[in-house]
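A.B. asks: Residues per chain, in single letters:
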Amino acid sequence: MAATHTLLDPDTLSRAEPLGLMARRVVEGYRVGEHRSPFNGFAIEFSQHREYSPGDDPRHLDWKILGRSDKYYIKQYEQDTNFVAHLLIDGSASMNFGSAKITKMHYARGLSACLAYLILQQRDAVTATLFDDRPRDTFQRTDSLGKIHNLCTRLTAFEPARPGNIRACLEDYAARLTSRGIVVVISDLLDDPEEFLHGLRRLSLTKSEVIVFQILDHEEISFTLDGTVRFLGLEDDTRLQTSPADLRKSYLKAFNDHQQTVRRACEQCGVHYTLCDTSRPLAEALSGYLAFRRRAG
Amino acid sequence: MNFLSPAVLAGLGAVTLPIAIHLLNKLRVREVRWAATRFLLTAVKRDQRRLKVQDLLLLLLRCAVLALLVFAFARPTFQPADKIAMATGAPFTVAVLLDQSASMGASDGVQTRFEAARAQALNFLAAFPADSAAALFLVHDGYSGPVARPSTDIALVRRNVELARLGDRGTDFKPALHAAFEALRNVPGRREIHLFTDNQATGWSQLAAIRQELGTDPEIRAVIHAPASSTLAGGNLAITSLKPDTATPVAGQPFRLLAEIANFGDTPVTAVRVTLAIDGNAPSADAVVDQLAPGGSRYVPLLVRLPASGYHTLTASLPPDRLTFDNTRTFALEIAPPRSVLIVESRTGPAPWQGSGHFLASALVPVPPEQASSYYLQVERKTAAEVQASQLSNYSVIYLCDAGPLSPAVSTALADFVKSGGGLVVMPGEATPASVYASDPWVGLLPASLGLPLEPVDGAFAPGPYNHPLLTPWNDPAAGTLAAIRAARAYPLLEMPGRDADTILRLADGSPFIMSQAYENGRVVLFAAPPVPSWTNLPLHPAFVPLMHRLYATTARTTAAKLNLAPGEPFQAAVAIGGLNKDIYLRGPAADARPIAVGRVELVGNQAVVRIKDTAAAGAHAVFIGQNEHPDLLFAVQPPDGESDLRSFAADILDPAVATTPKVARAPSSEALAKKGGFSLPTDRQLWTWILCAAAVLSIAELLCALRASRSNT
Numbered sequence: 001m002a003a004t005h006t007l008l009d010p011d012t013l014s015r016a017e018p019l020g021l022m023a024r025r026v027v028e029g030y031r032v033g034e035h036r037s038p039f040n041g042f043a044i045e046f047s048q049h050r051e052y053s054p055g056d057d058p059r060h061l062d063w064k065i066l067g068r069s070d071k072y073y074i075k076q077y078e079q080d081t082n083f084v085a086h087l088l089i090d091g092s093a094s095m096n097f098g099s100a101k102i103t104k105m106h107y108a109r110g111l112s113a114c115l116a117y118l119i120l121q122q123r124d125a126v127t128a129t130l131f132d133d134r135p136r137d138t139f140q141r142t143d144s145l146g147k148i149h150n151l152c153t154r155l156t157a158f159e160p161a162r163p164g165n166i167r168a169c170l171e172d173y174a175a176r177l178t179s180r181g182i183v184v185v186i187s188d189l190l191d192d193p194e195e196f197l198h199g200l201r202r203l204s205l206t207k208s209e210v211i212v213f214q215i216l217d218h219e220e221i222s223f224t225l226d227g228t229v230r231f232l233g234l235e236d237d238t239r240l241q242t243s244p245a246d247l248r249k250s251y252l253k254a255f256n257d258h259q260q261t262v263r264r265a266c267e268q269c270g271v272h273y274t275l276c277d278t279s280r281p282l283a284e285a286l287s288g289y290l291a292f293r294r295r296a297g
Numbered sequence: 001m002n003f004l005s006p007a008v009l010a011g012l013g014a015v016t017l018p019i020a021i022h023l024l025n026k027l028r029v030r031e032v033r034w035a036a037t038r039f040l041l042t043a044v045k046r047d048q049r050r051l052k053v054q055d056l057l058l059l060l061l062r063c064a065v066l067a068l069l070v071f072a073f074a075r076p077t078f079q080p081a082d083k084i085a086m087a088t089g090a091p092f093t094v095a096v097l098l099d100q101s102a103s104m105g106a107s108d109g110v111q112t113r114f115e116a117a118r119a120q121a122l123n124f125l126a127a128f129p130a131d132s133a134a135a136l137f138l139v140h141d142g143y144s145g146p147v148a149r150p151s152t153d154i155a156l157v158r159r160n161v162e163l164a165r166l167g168d169r170g171t172d173f174k175p176a177l178h179a180a181f182e183a184l185r186n187v188p189g190r191r192e193i194h195l196f197t198d199n200q201a202t203g204w205s206q207l208a209a210i211r212q213e214l215g216t217d218p219e220i221r222a223v224i225h226a227p228a229s230s231t232l233a234g235g236n237l238a239i240t241s242l243k244p245d246t247a248t249p250v251a252g253q254p255f256r257l258l259a260e261i262a263n264f265g266d267t268p269v270t271a272v273r274v275t276l277a278i279d280g281n282a283p284s285a286d287a288v289v290d291q292l293a294p295g296g297s298r299y300v301p302l303l304v305r306l307p308a309s310g311y312h313t314l315t316a317s318l319p320p321d322r323l324t325f326d327n328t329r330t331f332a333l334e335i336a337p338p339r340s341v342l343i344v345e346s347r348t349g350p351a352p353w354q355g356s357g358h359f360l361a362s363a364l365v366p367v368p369p370e371q372a373s374s375y376y377l378q379v380e381r382k383t384a385a386e387v388q389a390s391q392l393s394n395y396s397v398i399y400l401c402d403a404g405p406l407s408p409a410v411s412t413a414l415a416d417f418v419k420s421g422g423g424l425v426v427m428p429g430e431a432t433p434a435s436v437y438a439s440d441p442w443v444g445l446l447p448a449s450l451g452l453p454l455e456p457v458d459g460a461f462a463p464g465p466y467n468h469p470l471l472t473p474w475n476d477p478a479a480g481t482l483a484a485i486r487a488a489r490a491y492p493l494l495e496m497p498g499r500d501a502d503t504i505l506r507l508a509d510g511s512p513f514i515m516s517q518a519y520e521n522g523r524v525v526l527f528a529a530p531p532v533p534s535w536t537n538l539p540l541h542p543a544f545v546p547l548m549h550r551l552y553a554t555t556a557r558t559t560a561a562k563l564n565l566a567p568g569e570p571f572q573a574a575v576a577i578g579g580l581n582k583d584i585y586l587r588g589p590a591a592d593a594r595p596i597a598v599g600r601v602e603l604v605g606n607q608a609v610v611r612i613k614d615t616a617a618a619g620a621h622a623v624f625i626g627q628n629e630h631p632d633l634l635f636a637v638q639p640p641d642g643e644s645d646l647r648s649f650a651a652d653i654l655d656p657a658v659a660t661t662p663k664v665a666r667a668p669s670s671e672a673l674a675k676k677g678g679f680s681l682p683t684d685r686q687l688w689t690w691i692l693c694a695a696a697v698l699s700i701a702e703l704l705c706a707l708r709a710s711r712s713n714t
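As given, the protein sequences belong to chains A and B, one line each in that order.
Mapping of the first sequence onto this note's numbering: residues 1 to 297, in sequence order.
Mapping of the second sequence onto this note's numbering: residues 1 to 714, in sequence order.
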């Protein structure tokens with residue numbers, strides 16, 4: 001319960017809840033919900049006819065056409081369904097950085113918990129996977145709001161310690177994805193952007209809606225450190241002693257180039273991209289994105 | 001380069017401050033665990049070289065600024081080490097030489113070089129360490145030694161420096177340097193010679209000897225304190241010569257002077273007005289020089305009508321410039337009262353033209369008979385028999401013009417006459433028995449012995465050019481030529497070995513025609529023929545009159561006094577015996593000068609003589625004997641013409657390796673003029689202001705670099 005209280009910020013939830021998380025694309029669900037399903041089945045609304053082919057369930061034959069024209073047609077229907085939201089949370093060591101009170105990992109946990117809560121509350125399903133260089137911990141799919149506490153506990157229990165490999169993880173996840181849904185990638189995306197692009201492309205081939213939340217610390221964005229600093233790499237053995245003020249211009253240029261590449265990769269793959277600065281309240285970032293999503297339809 | 005405050009150089013350790021701060025900053029490291037190292041590595045890879053260079057540049061600039069500040073406070077200077085040592089208090093012995101030559105009167109508009117040099121010498125002495133000794137020599141073309149031996153009484157030396165006055169004498173550093181060298185030669189400890197001067201090039205005419213002497217004792221160091229610039233703003237015009245162009249000054253008659261005007265500036269001058277004043281009155285004559293090129297000179301004739309007989313001064317003047325002593329030049333002369341000359345002749349009849357001295361008398365008094373009495377020359381004509389030995393002293397010149405034989409008494413009296421300063425012109429002719437001149441006193445009196453008269457093969461006078469001053473006017477073709485004169489008959493003038501005789505004029509065949517010889521105080525001139533047409537056409541030639549007058553001027557009895565002196569040259573003149581033991585008062589050339597007692601009339605031999613030693617100031621000097629209101633004598637001191645040339649040597653001229661080429665004249669820089677006292681001394685220049693400026697410039701550069709680095713990193 002403590003983890004739940006920590007991660008589920010009431011302010012965040014109160015601002016995000018009315019906005020909900022509507023599936024932007026058609027998602028595959030396993031029960032009737034608020035979202036359109038790509039499957040034309042037996043459920044509610046007729047969609048079209050098609051000729052019968054051997055193997056089709058004879059229960060879907062349109063007997064009226066058979067009676068009138070002695071031809072075999074199968075009736076197809078559109079059905080509303082719920083969706084499964086796949087939360088892919090970067091748990092690599094770089095997520096452990098935080099210049100203020102919270103680290104990027106902490107921010108990612110909160111964001112994941114809030115998203116899961118919103119999704120479960122609207123009776124959709126959630127599955128969450130923490131990964132670094134490979135998937136480390138997977139929270140099985142659930143549509144029960146009561147399981148949110150378990151999810152929060154699992155998120156809190158995970159401590160980033162290893163270097164990341166987002167490409168491998170995304171490709172692996174895409175290979176294992178059996179149905180279309182919403183894939184939410186929460187990461188600092190500090191890996192090679194080309195690697196990220198490959199993974200993202202592979203993920204987008206699953207026809208799931210992909211949303212990318214990039215979590216960055218404010219210091220990583222502005223690089224305002226002073227004095228002489230010895231930088232110790234979180235994911236590698238880099239040890240670099242320098243004056244950040246002297247490097248600020250070049251650092252920001254390299255950083256902005258990286259961000260441009262990331263944004264461009266997301267645009268190429270039709271992916272919603274949201275940058276989350278850990279210095280900004282989570283509520284502000286989440287509600288801002290959801291409002292944008294609602295406007296975009 | 002040396003330092004006035006070398007202890008401050010210890011502050012150079014401060015140069016390590018930026019380095020220490022740099023290292024401390026490196027040591028004060030904060031560790032940060034960082035995620036986005038890929039951007040850091042990219043930035044470092046891109047900027048590492050630039051940052052290193054930038055850091056190094058900033059570090060060097062900061063170190064340089066600190067080092068320059070320390071250098072500035074250490075007061076670096078071009079002063080020689082000895083002066084620095086002086087400031088440290090180590091006693092030593094110095095000979096101070098202060099140049100008081102005329103060229104030191106050059107002014108920059110505020111003060112003269114002499115004033116500046118004197119002030120600098122006083123400052124130099126004021127900083128003297130205790131127990132040090134100094135001697136003082138005042139330098140001109142000689143020297144004077146107010147403190148000739150090194151004295152520890154520096155106040156005495158300073159007082160003598162304060163009392164030193166600018167003179168009008170020339171420059172020769174050799175005597176003073178020699179005296180200073182001798183004064184220091186046997187003194188123990190460190191010894192130095194400090195020469196405060198304008199370092200005029202003409203003063204180093206004996207440079208090789210000076211260098212050689214100083215080289216004999218290298219422990220005696222010589223330091224020259226000289227101004228940086230040797231030229232004067234506005235140039236320098238000078239009267240370098242003033243000499244008469246008329247043979248004999250005659251009261252009431254025109255008198256021509258030649259003034260040589262020289263331009264020592266570096267720009268041409270135009271319309272230079274030269275004036276000539278008599279006895280310090282308003283100018284009586286003037287002339288204008290249209291143009292005078294740099295380094296050029298020109299003679300300007302000035303014509304005045306002389307006043308009454310007596311002593312007079314003629315002063316030529318130029319417009320004033322910044323070197324005043326050479327803008328005026330004074331010439332003193334004595335206009336003798338009308339003189340009598342005696343022509344001893346032979347006569348063939350009672351008429352004047354029947355005398356052999358007729359042509360000579362006419363030439364000496366070339367005026368109508370009614371004006372002859374007022375002419376300055378009064379001619380008496382007598383035969384040899386009429387000459388009385390006791391009357392010879394009444395004449396200034398005696399001409400023996402084809403005179404008959406003289407009695408032994410007259411001959412002896414003639415010799416005495418010449419000894420006492422009289423002039424004797426011997427023109428032997430037909431009436432002259434040559435054998436007479438072969439006996440005493442004539443053998444010693446005449447410049448040559450006489451042979452038997454003969455007819456020269458080529459009796460023409462030798463054509464010019466003529467070297468004897470008597471004949472130089474005929475070197476000008478416009479004055480005619482003497483080559484047209486011929487001698488039909490002539491006595492051979494046989495030159496006598498060992499005799500100091502001048503040959504004034506020769507015939508074309510080389511045989512002497514006119515010879516001259518000084519004989520004690522007088523002068524004897526010997527002609528080879530008398531001025532009668534049967535012997536030579538000389539009396540019929542236009543050159544005869546001026547030649548006779550010039551001859552008279554050179555042989556006439558005048559005062560023995562030399563009236564035109566160089567500065568420092570003693571004046572001496574014989575006066576009437578009645579003035580013996582009377583006080584002598586001298587009034588100098590200064591406008592406000594008053595007569596000052598300079599001694600008494602002395603007895604030299606059997607003559608009363610005025611002797612005056614103090615003749616340093618150029619210009620007219622008046623000598624009063626006793627309580628006379630009017631001057632009894634006038635003489636002039638003329639400055640040396642070389643002093644007007646202000647070209648100078650560099651201050652290191654005593655270094656044997658330095659070439660002896662005078663500096664090229666150039667205008668003084670504004671910096672030099674602005675410098676206090678206008679006396680810029682490169683050997684004395686302190687550099688701290690320049691170094692402070694450099695430090696300021698480097699500080700600004702460091703600031704700009706830092707700002708640029710800051711901007712480039714944000």
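Accuracy of the hints is not assured; some may be wrong.
FRET-style restraints, in silico, Cβ to Cβ [unchecked claim]: (1) Thr153/A with Leu703/B: 58 to 68 angstroms; (2) Leu703/B with Glu194/A: 23 to 33 angstroms; (3) Lys45/B with Thr153/A: 17 to 27 angstroms; (4) Gln268/A with Lys52/B: 14 to 24 angstroms; (5) Leu232/A with Lys52/B: 49 to 59 angstroms; (6) Thr153/A with Arg708/B: 50 to 60 angstroms; (7) Gln260/A with Lys52/B: 27 to 37 angstroms; (8) Glu194/A with Arg46/B: 54 to 64 angstroms; (9) Arg708/B with Arg162/A: 15 to 25 angstroms; (10) Asp192/A with Lys52/B: 26 to 36 angstroms; (11) Arg50/B with Thr153/A: 26 to 36 angstroms; (12) Glu194/A with Ala20/B: 41 to 51 angstroms; (13) Gln260/A with Leu703/B: 11 to 21 angstroms.
Because the hints were derived from the structure by calculation, they are not lab data.
From the three backbone atoms N, C-alpha and C, an ideal C-beta is built for every residue, glycine too.
A.B. asks: Looking at the structure, which of the earlier hints fail to hold?
C.D. replies: Those not satisfied are hints 2, 3, 4, 5, 8, 9, 11, 13.
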